[in-house]
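> Fit the two chains together into the complex; they arrive one by one in their own frames, and the hints show the way.
This is what each chain is made of:
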Amino acid sequence: MKARKGLIILFLLPASLLYGIFFLLPAIQAFRYSLYNWSGFGDSKVFIGLQNYVELVNDKVFWLSLRNTMMILVVGGIIVFTLAFIMTVALNSGIKGKKLFRAMIFLPNVIATIALTTLWAYIYNPSFGIIVNFAKAFGLEKLSNYIWTSPDNVFWSVLIAIIWMNVGYYLILLMAGVDKIPKEFYEAAEIEGANKVQTFFKVTVPLIWDVLTIAVVLYSIGALKIFEFPYAFYGISVPQQLYTVGIYLYIMGFGKRYPIYRLGYATAIGVMLLLSVIIVVLILRKLMKRDILEY
Amino acid sequence: MDTQELNNIKREEAAKKSARKGKRLMWLSRTPSYVFVGIWSLFTVFVILWVGLSSLKSNMQIFKEPWMLPTELHFENFVKAWSVMRFSNYFLNSTLVVLISVVLILVVSAPASYVLSRLKFRGRTLISMIYTAGMGIPYPLLFIPLFVIMASLKLIDNLVGLTIVYVSLSIPFTVYILTGFFSSLPSELEEAAIIDGCKDYQVFTKIMLPLASPGLITAAIFNFIGLWNEYQLALVFINSDENRTISLGLYSLANSMQYTGDWAGLFAGIVIIMVPTIILYIFLSEKMIAGITMGASK
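As you go down the protein sequences, you meet chains A and B in turn. All residue numbers for the first sequence refer to numbering that gives the first Met the number 0, where the first residue is 0 and numbers rise by one. All residue numbers for the second sequence refer to numbering that gives the first Met the number 0, where the first residue is 0 and numbers rise by one.
Just so you know, the hints here were simulated from the structure itself, not pulled from any lab data. Be aware that one or more of the hints could be misleading.
Said to hold, decoys possible - Examples of chain A residues lying across from chain B (beta carbon under 7 Å, computed):
#, residue
1, Ile8
2, Phe10
3, Leu106
4, Ile220
5, Lys224
Claimed, not checked - Calculated lysine-lysine pairs in the DSSO-like style (CA-CA distance at most 27 Å, straight line):
#, chain 1, residue 1, chain 2, residue 2
6, A, Lys4, B, Lys286
7, A, Lys95, A, Lys4
8, A, Lys179, A, Lys59
9, B, Lys153, A, Lys135
10, A, Lys201, A, Lys182
11, B, Lys198, A, Lys4
12, B, Lys119, B, Lys63
13, B, Lys205, A, Lys4
14, A, Lys97, B, Lys153
15, A, Lys97, A, Lys195
16, A, Lys97, A, Lys179
17, B, Lys63, A, Lys182
18, A, Lys285, A, Lys201
19, B, Lys63, A, Lys141
20, A, Lys255, B, Lys153
21, A, Lys255, A, Lys59
22, B, Lys286, B, Lys205
23, A, Lys182, A, Lys98
24, B, Lys153, A, Lys44
25, B, Lys286, A, Lys98
26, B, Lys286, A, Lys179
27, B, Lys286, A, Lys95
28, A, Lys182, A, Lys288
29, A, Lys179, A, Lys195
Note that CB positions come from ideal geometry on N, CA and C, so glycine has one too.
In isolation and in its complexed conformation, chain B is listed as follows (with noise of 0.2 Å):
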């Protein structure tokens, strides 16, 4: 072995060391990252775990002893809320109200959008303005005179009134977003099927929609998660109780805490309403993050 290849090991082994030394410095000066998001997304998923767990303990459990876990599973706090607190009856309430206004807010907004994103005609630029002004418009200048409409239709306190009040008031932002869906799409399909003899509404129906669906899966997502959680529209027109969301409900059950004390009924509760859109989130958090990006960096 000549000296100069004993030189190039060396200056190799070097290198390698240098490496692995910047690899660990690296990792040092990335410290300050981890501990940072490390501790603000523990903390968050703590919460939420120990409101899970204390949904399971005895309320004498939940002031004595807050660190452990339950010691038994009290699954009646469960069966208290859906049955004595007629959970059941307002998470039927909730999602009969949110599914179908999911599917109402699509079924007028796609036509709407496509049109507005993708014909030529006049006054479009207009018309798209004023739809997008609705983002900007706070509800609760609507309360009262949205109050007096629904009263004047005989629609306060009742579901199918708090469904049109979710599907037109969901209008603006799902135009919004399915809009920049549809103009997204490459136009050389709609003008074969021009050719091949589709009729126009056949090239929405045919063509565009199943294009785009991946737009109106996001909008579904994002209108359902948001209606689900809502609260201040069905506390303005929902007033009895058989009437109530799942929102109206748990927060009715949070005032009567003052009087009757019981955490662990209030924790199961909370868990009932967050289980389904946490379900969600779950498998598919990564479409939601892409649609909230998507209107924002076009």
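Bound-form chain A, shown alone (with noise of 0.2 Å):
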């Protein structure tokens, strides 16, 4: 439709500007930020070049919440996608209350993530949590010994959790995809005599492959600027064990029980975040692009 020119820039205008003054206008002079020696909000900043990259290389703890965050990413996403299908096909075989089930699955989804980390802080809680009241009720001395927020276990325990969160989300995307596929698909795989397994391989994960690119995505894209949950499962003093990029950057910039405000090195942690977005997706795309088949 033809409008004028004045209409365009009028209607255009006021998101334009709280978009581009609150959101890119700090998204790009974070790069600047990033190289200079800067210690506190009213201090002066010192321009170091690329001297804080530099150090991030160099930096244990920044390595070690890359790693945290790529586990998120990696071996969560395959979980939380393996589960997905799972529930897709359950949900699509035929039983009764699927809507139910779904509204179920999905509900953590709704839910303030402060209140599930303290849910899940219950459920781990190694005196009274429902863990342990479970397995003592059942006589499993193994698993009420368990103790699940101790350093080694605490990254898997909330790994667990994020897994919980992340499936309703990603089981309705791909029950959609699921639902556009016409039934006479179905039908012809069947005559042919495939079965469950092929027809699942063959004809169900080609035909939903751009949705399956697209929540792949969002995935990856939510997993790599985690911070809620990891952050607050623990209070105010994050075990490094549960570090993530975003949570590393906003203790270098904000710190924990007591302040530490090295801005010009948190936010190169948010450039690097950044960066890491923009390569995974990159990848992501390559290793997806397939022939979208059209029906």
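Below is the structure:
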């Protein structure tokens, strides 16, 4: 439709101003700030070139937090999508209450993360948590002696919770893709004598490839910037086992119990985070590039 | 009755029998499906109910009788959370910030989405791409540069400042949802309206906006739930107790738990934060689920 230039500008202006000033501008400024040594919001900045990045490359804690983040992305992602696929198949196998089950599995997505961290802290609590009570009631001594929140275990315990929170969302995306596949494809596969596993890999997966690609990209971006759940799980003194890149950035910038204010360094971590988002999305696009089957 | 008829009846009966058997087999083959999604769903509902029930217990009963239903209903947990732990204050802050943010998000995003999805002009693709890029930018990147901007505007530890941050950062996602909605609308109505003498802005306000109202409602629900539950931005931009949103309030309550040991009060806090979004979800879950799938499967 044709419209006056004035109208186009008027309609775009408010959103673009807000988005530009409070989102794009700070995102761009981050690159500049990352080149400074800057130790407090009121203090003056000292230009140090790429030194923050050199320090980052040699910073063990940074690599640890990057490793944790990548674990959530790769290990968490594989489990989330495997479970979401199994559930998609299960819910489409003609069982009753499909919508109700789906709604219950999605439920964690509408609850505040901070409520869920507290909930899981209670589930895992070694002296009176849900798991301990359950294990005691059934006499499972090994399970009741397992310390879910010990330094060695806490990352995996948190990962389980993160998987539980995420599965519902990706289940809904995959199911929407599957619902769009015309019935004839399945009938044809049945006539050809394909079994369920073959049908799944030869019919379902290729036909929802576009939805799957979007879902994997969404999960990856979400995993890379994950902050809230691991940060809040342990209270104010987050152990390094739970550091993600976002958390390490926050702690370098604002500190834990006491402020740190390494603002230039923290921003450099942010730039690395953005770079890893870009790299992961590019890799995924390359890996998942197939000829989309039209139907 | 001749033999042929008899045979027909026999055959019908056999068919019925095998159909019944097939049904039973089908049901059996579905058992693993029921077990798998059943356990998962039950677990989710169970832990949330457990917290709900525990919020009505005394601390003593939470420790001593974890499996029992509350023997007396300790509503004083809620009274304590609401007044002594200042949840009334946090609840009010969140309600104000979130409702105003959601309205403003729609007010600025709807016209922009309309222009980007239905009008042809130079630079449209580029502007759309710039908006989409925002969905890939991780919030932690913005923590420090945005803090500097907000500090220079004297809007740190300020609910107006938090509202501005919420509105601005929600724009890319909202524009993404709404452009999807606007582009699915038929174009005949626009043309008819022009012929009838509608001004160009009236085409938007009188024709397109009402038609897009399901999309606006979906965007409003998503932003409401997302911002009500939001916590990392509030953590960065709010310091003082009086300006805390409900997520921050619950976070500080959970932190003080190591000293107080008051789990019952904490559970009451969790219930208070969960209730608004769960109520919304119960009534609007189908709409939300449809909204999620819209973006991904065009």
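> Confirm or reject each hint.
Against the structure, the hints come out as follows:
no., hint, in the structure
1, Ile8, "violated (9 Å)"
2, Phe10, "holds (4 Å)"
3, Leu106, "holds (5 Å)"
4, Ile220, "holds (6 Å)"
5, Lys224, "holds (3 Å)"
6, A:Lys4 x B:Lys286, "violated (35 Å)"
7, A:Lys95 x A:Lys4, "violated (55 Å)"
8, A:Lys179 x A:Lys59, "violated (47 Å)"
9, B:Lys153 x A:Lys135, "violated (55 Å)"
10, A:Lys201 x A:Lys182, "holds (14 Å)"
11, B:Lys198 x A:Lys4, "holds (14 Å)"
12, B:Lys119 x B:Lys63, "violated (68 Å)"
13, B:Lys205 x A:Lys4, "holds (20 Å)"
14, A:Lys97 x B:Lys153, "violated (51 Å)"
15, A:Lys97 x A:Lys195, "holds (19 Å)"
16, A:Lys97 x A:Lys179, "holds (16 Å)"
17, B:Lys63 x A:Lys182, "violated (55 Å)"
18, A:Lys285 x A:Lys201, "holds (21 Å)"
19, B:Lys63 x A:Lys141, "holds (21 Å)"
20, A:Lys255 x B:Lys153, "holds (24 Å)"
21, A:Lys255 x A:Lys59, "holds (19 Å)"
22, B:Lys286 x B:Lys205, "holds (24 Å)"
23, A:Lys182 x A:Lys98, "holds (19 Å)"
24, B:Lys153 x A:Lys44, "holds (20 Å)"
25, B:Lys286 x A:Lys98, "holds (13 Å)"
26, B:Lys286 x A:Lys179, "holds (18 Å)"
27, B:Lys286 x A:Lys95, "holds (21 Å)"
28, A:Lys182 x A:Lys288, "holds (26 Å)"
29, A:Lys179 x A:Lys195, "holds (19 Å)"
Of the hints listed earlier, those the structure fails to meet are numbers 1, 6, 7, 8, 9, 12, 14, 17, in rising order.
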